[in-house]
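Read top to bottom, the protein sequences are chains G and Y. Mapping of the first sequence onto our numbering: position 101 corresponds to residue 94, and the numbering continues sequentially without gaps. Here our numbering runs 18 ahead of the position in the second sequence, where the first position is 1.
These are computed hints drawn from the structure, not numbers from a lab. A couple of the hints might just be wrong.
Lysine-lysine pairs mimicking DSSO-like chemistry, simulated, CA-CA at most 30 Å apart [unchecked claim]:
#, chain 1, residue 1, chain 2, residue 2
1, Y, Lys44, G, Lys36
2, Y, Lys44, G, Lys152
3, Y, Lys65, G, Lys128
4, G, Lys160, Y, Lys142
5, Y, Lys44, G, Lys28
6, G, Lys39, Y, Lys49
7, Y, Lys65, G, Lys160
8, G, Lys128, Y, Lys44
9, Y, Lys44, G, Lys105
10, G, Lys105, Y, Lys58
11, Y, Lys142, G, Lys105
12, G, Lys160, Y, Lys49
13, Y, Lys142, G, Lys39
14, Y, Lys89, G, Lys39
15, Y, Lys44, G, Lys37
16, Y, Lys169, G, Lys105
17, Y, Lys49, G, Lys105
18, Y, Lys179, Y, Lys169
19, Y, Lys169, G, Lys152
20, Y, Lys123, G, Lys36
21, G, Lys36, Y, Lys179
22, G, Lys152, Y, Lys178
23, G, Lys28, Y, Lys49
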Amino acid sequence: MQVRILKVETGESVSAAIERSSRRLLPSLHDEGWKFNFASLSKKLKNASTYVLVTEETPHEIEGCLIFQLLDDEVPYGAYLEVAPHNRGEERKYDHVAGCLIAYAFQLSLDKGVGPYNGQLFFDVSEQYEEDEQKVRNNYLTRYGAEEVEGTTMKIADKNGHALITKYLNEGQGSAKT
Amino acid sequence: MSTKRKANDFQVEIGLREGQQWDAGKLERIKVSAREFDSKRTPEQRKENEMAAIRFRMEQYASTEEDNIEKERAVEDFVHLFLTTLDMNFKTFAQAIESSDANLKKYMKGERKFNEDLACRFGKFFHTSPLTWMRVQHRNDLLELSRMSNKRQYQKYDYKKVVNR
Chain G
-6 MQVRILKVET GESVSAAIER SSRRLLPSLH DEGWKFNFAS LSKKLKNAST
44 YVLVTEETPH EIEGCLIFQL LDDEVPYGAY LEVAPHNRGE ERKYDHVAGC
94 LIAYAFQLSL DKGVGPYNGQ LFFDVSEQYE EDEQKVRNNY LTRYGAEEVE
144 GTTMKIADKN GHALITKYLN EGQGSAKT
Chain Y
19 MSTKRKANDF QVEIGLREGQ QWDAGKLERI KVSAREFDSK RTPEQRKENE
69 MAAIRFRMEQ YASTEEDNIE KERAVEDFVH LFLTTLDMNF KTFAQAIESS
119 DANLKKYMKG ERKFNEDLAC RFGKFFHTSP LTWMRVQHRN DLLELSRMSN
169 KRQYQKYDYK KVVNR
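Isolated chain Y (complex conformation) (with noise of 0.2 Å):
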């Protein structure tokens, strides 16, 4: 990519002067010709742009600490708001990554543990990344992990009650 370009181009700034701000009337007529823009919109270009947010919301909870999680969201409930977003069925899902119903399903419960393959089918069919499925999953077992570690069975285990001893 050519880095030579001309002085105006790195003028980008956006933003009214200091203090000013819209009036009410603006404002109205703003919305007024959002709502007219958004009557001519197709299906497919609103299908588009909820497919999107649900995209940027996946990667904004795969980046979320897990102190700052507030409602923990499994692959499935991602899933599950894509196929409602495209009005498809989880058969029809399944059978389109060449899966079958029951079968993805179990790894939708997490009887089978998700996986990169699984990751890979799903990044291509919803036009995500493979990868932000997997952190998602990931964040999803450190979230358990947190758990799991503060359980009093695991605090008996100390390597200075071996060596000390």
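If we strip away everything but chain G, and leave its shape as in the complex, we get (with noise of 0.2 Å):
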């Protein structure tokens, strides 16, 4: 899926894409500033698949990655996700990169999820400080309105979706704005 993301030095917005991962070499704990090992994760996880985000301008660097599962065939889960190392703190290269990725595993449950179950993103913000936890749930609260579900489960449902996608993914689509 073509998106736009935003060249913060610039501020121009730019092309990029959402590509479901098959053959890349994904972010491993070997790669300086990743949290999670995407690259062994995506291959234990079941029902699951991993997406990246590329830009047209230097699509073999990974500036975002998620992995998406459906939980007991049928619930749907925001597994991982996470933003390359340069895309971080006042230095980094691009904004909207997590907002289009968060925006895509939306859209996964509204194609994946089934029956009742579709719509509703369910995800796991777990850090190992409980202050850096509450400064990432309070993100997912605030900027792209998630909701508190039950321990370190949130959930992003309907309407707060939608939201997400028409600001995030439908500039990439042509003028889907309606």
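Using the hints, put the two chains back together into the complex; each one sits in its own frame.
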């Protein structure tokens, strides 16, 4: 899927794509700054598919990574999501990488979620320190329209998910905003 | 858009620590809460979700390389999916976009070429990008081209046969 992300240095919107990763070399713990071992997780998890976000300009460099799972063959679950180390902090290269991947995961929940679970994307935020965990949770509550479910688990559903699609994905599809 | 944000804004990692996962009890509790949530959905919300899923499938189809397409889907197929979700018949749809049932069917059956004007009408009506409709048509044109180009009747055309004669 074609998307647009923001090049922070120039403020310009650049073309990017979210692609299903089958043969691509995924980030692992050997890659500096990545928290999750996507290479290993994508092989281990059941009913999981892995997606990467890359720009047209540098298609071999992964800007962000997502593993989407269907728990029990029916419940949509954002198992892992992380943006590349160079897209974090004040000196980050691109903005909107996480937003695009979260919105995409919600779309997958609409497409693949079965029956009543359709359009409900569950995920967990789990950090080593409680203070860090709360910061991440707050980001999801305030920026991405998530709600608390149980313990570390949160979810994005229905209208809040559609708002993410409008904000982060429709621009890449031409004038889809209605 | 402002790019001045706090360092905390960049913390977005999702995922349990490696090796951790929900146990059966938690999965069941989540399922119960999800079903309860679903039971309170309005018909409009369900429709909105289904429409968004069809838009996504269209986009996926339009983005898939010809070699990886498992089943060809015509523009008509996506129209049918949308109309079924909206519980609307083809005639009502045709009238709503200022066409006629008979005229629109000619486009759907390929007797007339699907064009930019229709893509814009379909796009506005179904809240989709006109580009996506055109890309679906384009994808199917390329599929047809790949089928045609292998036919024997075209093998005889070769500039070398003319130049080296």
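Taking the hints in turn, this is what the structure says about them:
no., hint, in the structure
1, Lys44(Y) to Lys36(G), "holds (24 Å)"
2, Lys44(Y) to Lys152(G), "holds (25 Å)"
3, Lys65(Y) to Lys128(G), "violated (34 Å)"
4, Lys160(G) to Lys142(Y), "holds (18 Å)"
5, Lys44(Y) to Lys28(G), "holds (25 Å)"
6, Lys39(G) to Lys49(Y), "holds (18 Å)"
7, Lys65(Y) to Lys160(G), "holds (20 Å)"
8, Lys128(G) to Lys44(Y), "holds (24 Å)"
9, Lys44(Y) to Lys105(G), "holds (21 Å)"
10, Lys105(G) to Lys58(Y), "holds (21 Å)"
11, Lys142(Y) to Lys105(G), "holds (26 Å)"
12, Lys160(G) to Lys49(Y), "holds (28 Å)"
13, Lys142(Y) to Lys39(G), "violated (39 Å)"
14, Lys89(Y) to Lys39(G), "holds (26 Å)"
15, Lys44(Y) to Lys37(G), "holds (21 Å)"
16, Lys169(Y) to Lys105(G), "violated (38 Å)"
17, Lys49(Y) to Lys105(G), "holds (15 Å)"
18, Lys179(Y) to Lys169(Y), "holds (19 Å)"
19, Lys169(Y) to Lys152(G), "violated (50 Å)"
20, Lys123(Y) to Lys36(G), "violated (47 Å)"
21, Lys36(G) to Lys179(Y), "violated (53 Å)"
22, Lys152(G) to Lys178(Y), "violated (61 Å)"
23, Lys28(G) to Lys49(Y), "holds (29 Å)"
Figure legend: structure checked against the earlier numbered hints; hints not met, in rising order: 3, 13, 16, 19, 20, 21, 22.
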